[in-house]
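**Student:** Sequence:
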Amino acid sequence: MASKACLMRLQKEHQRLALEPVPNIEAEPRPNNILEWHFVIKGPAASPYEGGQYHGKLVFPPEYPYKPPSIIMLTPNGRFNTNTRLCLSMSDFHPETWVPAWSVASILNGVMSFMLESTPTVGSIETSLAERKRLARASHAWNRKGAIFCELFPHLVAEELPDDADAEVVDPAQEPRSEGGGGKLFGALYVSCAVVVCAVAGYAVFQDL
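In the UniProt record's numbering, the protein residues as written are 1 to 209.
It is worth saying that the hints were derived from the structure and are not from the lab. As the structure is a computational prediction, the values presented were derived from the model and not from experiment. Be a bit skeptical, because a hint or two may be false.
Claimed, not checked - Okay, derived cross-link-like pairs now, DMTMM-like style, lysine to aspartate or glutamate, Cα gap no bigger than 25 Å in a straight line:
no., residue 1, residue 2
1, Lys42, Glu63
2, Lys42, Glu28
3, Lys67, Glu50
4, Lys12, Glu50
5, Lys145, Glu117
6, Lys42, Glu96
7, Lys67, Asp164
8, Lys42, Glu20
9, Lys133, Asp92
10, Lys42, Glu159
11, Lys145, Glu20
12, Lys57, Glu20
13, Lys42, Glu151
14, Lys133, Asp164
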């Protein structure tokens with residue numbers, strides 16, 4: 001059960017997102033569980049994700065904002081594993097780098113920033129640019145198969161599918177693959193954390209201006 005401070009904070013953030021929408025990002029809590037938020041990141045223009053819609057979820061601890069949420073991607077995207085907790089500087093993998101001033105908006109901006117780079121981390125995968133573009137086209141049909149997506153984002157479901165949308169998609173995160181040497185991966189974690197910390201902190205400061 002959420003603490004009173006957690007409940008008030010998440011309600012306030014929901015209200016703020018409704019009044020001050022964030023470009024390329026939407027987020028909604030589950031009606032019966034304010035600790036579970038679902039989000040959609042819209043692929044930025046001029047990126048391999050352009051035109052895509054990427055569904056994921058944040059699972060907040062009852063101690064939020066003093067402890068970070070877990071971050072999970074649900075739509076196949078070619079950058080992150082699906083249905084897997086992501087190791088990012090603003091996730092529950094790194095409570096030591098968490099800043100209570102960070103919000104849902106700043107967390108999701110950090111996720112989007114990390115999506116656009118190629119630094120490996122726990123929960124990331126390597127795919128070609130062509131594969132990421134293919135998954136972007138397939139994301140619309142994929143999301144419509146999810147009951148929670150349809151419940152929380154009916155306006156996106158009502159949108160007409162893009163002309164080039166793929167009806168079928170195989171999630172590359174579920175296929176056999178090589179993720180490279182462990183030393184290389186974990187050596188890059190410090191770099192990836194620093195990059196995302198800067199992105200999240202920068203957005204948080206901008207919000208307070």
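**Student:** The structure should be examined with respect to each hint, and the outcome stated for every one.
**Tutor:** Cross-check of the supplied hints:
Between lysine 42 and glutamate 63 the CA atoms are separated by roughly 29 Å; this puts the pair beyond 25 Å, and the hint is violated. In summary, the hint linking lysine 42 to glutamate 28 is supported, as the alpha carbons are separated by about 15 Å, within the 25 Å threshold. Distance check on the hinted pair: lysine 67 and glutamate 50 sit about 32 Å apart at the alpha-carbon level, beyond 25 Å; violated. At roughly 31 Å between alpha-carbon atoms, lysine 12 and glutamate 50 are farther apart than 25 Å, so this suggested pair is violated.
Straight-line distance between C-alpha atoms of lysine 145 and glutamate 117 comes to about 28 Å, which puts the hinted pair past the 25 Å bound. Between lysine 42 and glutamate 96 the alpha-carbon distance is near 29 Å, which puts this suggested pair outside the 25 Å criterion. For the hint pairing lysine 67 with aspartate 164, the CA-to-CA distance comes to about 41 Å; that exceeds 25 Å, so the pair is violated. Using a Cα cut-off of 25 Å, the hinted pair lysine 42 and glutamate 20 holds, with the two alpha carbons roughly 17 Å apart.
Distance restraint check for lysine 133 and aspartate 92: the Cα-Cα separation of roughly 29 Å exceeds the 25 Å cut-off, and the hinted pair is therefore not satisfied. A distance of roughly 14 Å separates the Cα atoms of lysine 42 and glutamate 159; the hinted pair therefore holds under the 25 Å criterion. At most 25 Å may separate the alpha-carbon atoms for a hinted pair to count; lysine 145 and glutamate 20 exceed this at roughly 29 Å. As the CA atoms of lysine 57 and glutamate 20 are separated by approximately 20 Å, the hinted pair is consistent with the 25 Å bound.
Distance hint between lysine 42 and glutamate 151 is fulfilled; the C-alpha atoms sit about 18 Å from each other, no more than 25 Å. Among the hinted pairs, lysine 133 with aspartate 164 is consistent with the structure: their alpha-carbon atoms are about 11 Å apart, no more than 25 Å.
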